[in-house]
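S.K.: Using the hints, position chain B against chain A.
Chain order of the listed sequences is A and B.
Heads up: the first sequence at position 11 corresponds to 10 in numbering that gives the first Met the number 0, and the numbers run straight through without jumps.
Heads up: the second sequence at position 654 corresponds to 653 in numbering that gives the first Met the number 0, and the numbers run straight through without jumps.
Calculated from the structure, these hints are not laboratory results.
Hints should not be assumed to be uniformly reliable.
Cut-off 25 Å, straight-line C-alpha distance, at most; resulting in silico cross-link-like pairs (BS3-like, lysine-lysine) [what the hints assert, rightly or not]: (1) A:Lys208 - B:Lys87; (2) A:Lys208 - B:Lys26; (3) B:Lys579 - A:Lys211; (4) B:Lys308 - B:Lys603; (5) B:Lys603 - B:Lys577; (6) B:Lys87 - B:Lys306; (7) B:Lys281 - B:Lys243; (8) B:Lys337 - B:Lys308; (9) B:Lys579 - B:Lys308; (10) A:Lys211 - B:Lys84; (11) B:Lys2 - B:Lys26; (12) A:Lys231 - A:Lys105.
So the chains spell out like this:
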Amino acid sequence: MAELLTRTTKPQKPLGLLTPYEKPQVTVCGGHQPELPCGSFALYAGLKKEAERLQFPLQLETAKIGCRGTCRQGPYVSLPRLGLFYQQVQAGHIPFILKETLLQGKILFPILRLDHLQSVRSDLIWEKESECIMTLDSSYCMVQMARYLVQFHSEESCGKCVPCRLGIKRLGEVLEAITQGRAGGSALQEIETLISLMTQAAFCSFAGKASKIIVAIIRYFREEFETHLREKRCPAGVCGMM
Amino acid sequence: MSKIHLTINGRDVEADSGDTILAAARKADIRIPTLCYHPALPPEESCRLCVVEMVRGRWSSLVAACVYPAREGMVIETDTDPVIKARKHILELILSDHPLDCLTCNSAGSCELMDLAYEYGIKESSLAGETHEYPVDPDPNPYIHWDLNKCILCRRCIRACSEMQCAHVLTKANRGFNQRISTAFGNILGQSGCELDGQCVALCPVDALSEKLPRGRGRNWEMNKTRSVCPLCGCGCVFDLNLKGRELLKITSNFSSAANQGALCRQGRFEYAYLNQPQRLKAPLMKQGGVWTEVPWEKALEFLADKTKTLITQYGPESLGLMLSPVLTNEELYLWQKFARTVWGTPHIDHAGSEVWAPVQEILTQRLGLTGMTNPTDDLLNSSGIILLGSQLMETHPIVGIKVRQAVQRGARLLVIDEVPRTFRRQAELLLGPKPGTEAALLQGLLSALIQGQRYDAPFVDRQTTGIEGLKSALADRTLESVASETGLTTRDLQEAVDFVAQHRPLALVCPPPLGGTPFDRELVQSALNLQLITGNLGKAGGGLAFLAPKANTLGAWELGAVNPGNPELLARLGTGKLKGLFLIAEDPAGRSHCSPDQAAALKSSGIFLVVQDLFLSEAAEQAELVLPALPYSEKMGTFTNVERRVQLLKPSIPPSPGTLWTGDLLHQFAGALGISWPLLTPGQTLEEIARNLPTWAGLTAPRLEQGGLQWPCPRPDHPGTPILYTEGFPAGPVRLEFT
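Looking at chain A on its own, in the form it has when it is part of the complex:
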């Protein structure tokens, strides 16, 4: 369990250091249809021309979608190898995409799509596996947040195996006990035990992945848990404890 909480994120392949066999792959939406009003064809042509001009080895493709050019997010450019997804891309972005993103590995934040389904960058989110990004200010209690996420997952568990069906349920109950000030001093150990069982012994990886968020919350906000447990006090002032 200790390893689980202190593990660093996986090392990423340095951007721009792709081998010749790994030509950067770029996909543009509906780019082969010149009649579309959103300008995706112009973007496709522009990218192709600019890459040829810079002699940049690019694997340029178009996405097979049925869009009629009315999408408000479009046109988009996706870079699947890098796990990035740009939306509302305009012609002026083309040199930046090629030079900064593909060569130097920088992210163009103004057009980055922050979507838990498509933008998968381990350095942008807590855990790659949890596939979600959240920004919270200090008025959120992280224990409440953990409890909320576990409850969400407990409804998604299929219920086949014991570690997942009962593990997630009991994990949620321990977290709830912490928010209500009922938990004993060993609550964090209990959570760690449950999570290690869910990660190691479950039938599929659902329980393990569901508990990774909790691992991350405990790793980065351990003192909040300890304040709840030791002082019976919620630093964010959310949990009506006493």
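M.R.: Leaving out everything else, chain B in the frame of chain A:
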């Protein structure tokens, strides 16, 4: 199968390739605890209790031993710290949603969860939390008790229902913590197609699904568990009787049996109450002044001897008749018929319902040499196609029916021939509903079409049969058109059936006895035999001809001479006035459906000297002058021969009730009263005598049968029995294809 080697707990273990880690460990006698795993069911890996540590270099992971394939060079640890910890936590999690009322639990003593908690020292769960509160026993059925609060969701019941019983009644409902075992839409069992066979009850590791009848009447450790054989139909299911004192509390599955692999039917599992009835006869009864009075055995046998002697001197020995029961053991049947033939000198011996099986017995013995199913029930799983002649199979022989369903579930195709198919509609690929009585014509149509179209197994026909040309000309007028008009089917249906028969190899043919005690149709038996001969399906795994003997020991009764071959119908003699004395042994023809109302009336009005031996004062016994108490199957030793020719040993679970006599003793004393010396034989000695006299039984000895049933012919003490007949050809040479 190649061998692989792996290391378990530092020991080198040899296993077959394809084994799971669990199988490999069990071969090496290394214990891995399991809960949702059961050898009779496909694995589910839902409890995760069998996790073991798989070591790969410097790191290791936990894998479920019940499903993870063993591989060459694998390193497995089964009781290291992480493994034990994981198991303890899993048990704690299970117990956190399980009522700990073990003190009053009906499963205490047979509960697998309790045993595991004991093994790992878990008293209670440290993780208290929400628990389920379902209504206890909400289902109004008479046999199966539901208590979902105790359910641990191992899903054995679901697998038993869908894989063993193939009924697909039980399933899981809801997600996550709210998951529960349910029928479709949560209907009660009676409205969801449940056959109440209780395979789910047999496999439930806790008390969630249990027998309703013995609840609160005994703890598991008070019960004496003994193996026995079901006497209700010809399937010969082996099961365990659970007796507390002399009371039979429940019947549980015995998964080591070859005849039924632990499966039982509703009647077999739940309908045993008659054995506990207090009205059972405890001493011989004689009518004295119109009232039944208990008399001692000596007096009863003296009376019997006097009467018998008088009848023999007055009317000759042939005036005596002996009606046996096909639920007597082989030993009893043998002794009774020998007694009647040698001491009385009468050939008029019969057993109830003998006319049902007579056509099959006669035709199969005459043409092939041996009777019974040619292949074991389990062999149906090897079939590619199955023809079922009569869908009453689930009523007459449920275990064979289950096997047919299992075969279909594993890919076999099914052709059902029955006018109104009751069951097997869902399983059948082709349903043919000929007019009643025209099934034989239908088979002859198939035969004719197969021969005309050259679609029979020519090498087999050439080698093992004769007279194909004669059969061809005999069936020349059975064209598909004429058969179609006779049976009321369309030629297209018939053509499909012909294709079905021609395409599926091996093809098994299953024919249960007709309902209502009607004999097998002679023509149908001949046609079915000819069909299996020309398609070359005899003597092969997955093929075979399965005519099912109707009663528990019908095959034994025929084999051991409980019939009069010249004049089989004993009860028909009632009206002739030639029968003056009748012994009815453990059978009540007046109250059973296989005796015609005329015969029952004749029995009542005949005024003959009637002696009845039965468990209860039955309808026929009321007409008798002397009633003798009989022994039920649970109190005697002996053997039964089931439909697949398997001779299975029956051992007494409890000593015989006081006041009853084993047949060997009874006949010894009866002979003594007659002034004739007759040896006193135990069941074991009787079996030895049978084995000396019957060449097919020569290898059957009590010690061998104790290990499990054996299928005759078994000619030598080291012979393994013959599961599949005629693998080496027919004993009397090529079989003539004909209609006799």
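S.K.: Each hint: holds or not?
M.R.: Hint check results:
As the CA atoms of A:Lys208 and B:Lys87 are separated by approximately 22 Å, the hinted pair is consistent with the 25 Å bound. Between A:Lys208 and B:Lys26, the direct Cα distance comes to roughly 36 Å. Violation of the 25 Å bound is thereby established for this hinted pair. For the hint linking B:Lys579 to A:Lys211, the alpha-carbon distance of about 89 Å lies beyond 25 Å, and the restraint is violated. For the given pair, B:Lys308 sits about 23 Å from B:Lys603 by alpha-carbon distance, which is consistent with the 25 Å threshold.
At most 25 Å may separate the alpha-carbon atoms for a hinted pair to count; B:Lys603 and B:Lys577 meet this at roughly 16 Å. At most 25 Å may separate the alpha-carbon atoms for a hinted pair to count; B:Lys87 and B:Lys306 exceed this at roughly 74 Å. Distance restraint check for B:Lys281 and B:Lys243: the Cα-Cα separation of roughly 20 Å lies within the 25 Å cut-off, and the hinted pair is therefore satisfied. Of the pairs offered as hints, the one joining B:Lys337 and B:Lys308 holds, with about 18 Å between alpha carbons and a cut-off of 25 Å not exceeded.
Of the pairs offered as hints, the one joining B:Lys579 and B:Lys308 holds, with about 12 Å between alpha carbons and a cut-off of 25 Å not exceeded. Taking the CA atoms of A:Lys211 and B:Lys84, the gap is about 20 Å. The hint holds against a cut of 25 Å. Of the supplied pair hints, the one linking B:Lys2 and B:Lys26 holds, its CA atoms being roughly 13 Å apart against a limit of 25 Å. For the given pair, A:Lys231 sits about 44 Å from A:Lys105 by alpha-carbon distance, which is inconsistent with the 25 Å threshold.
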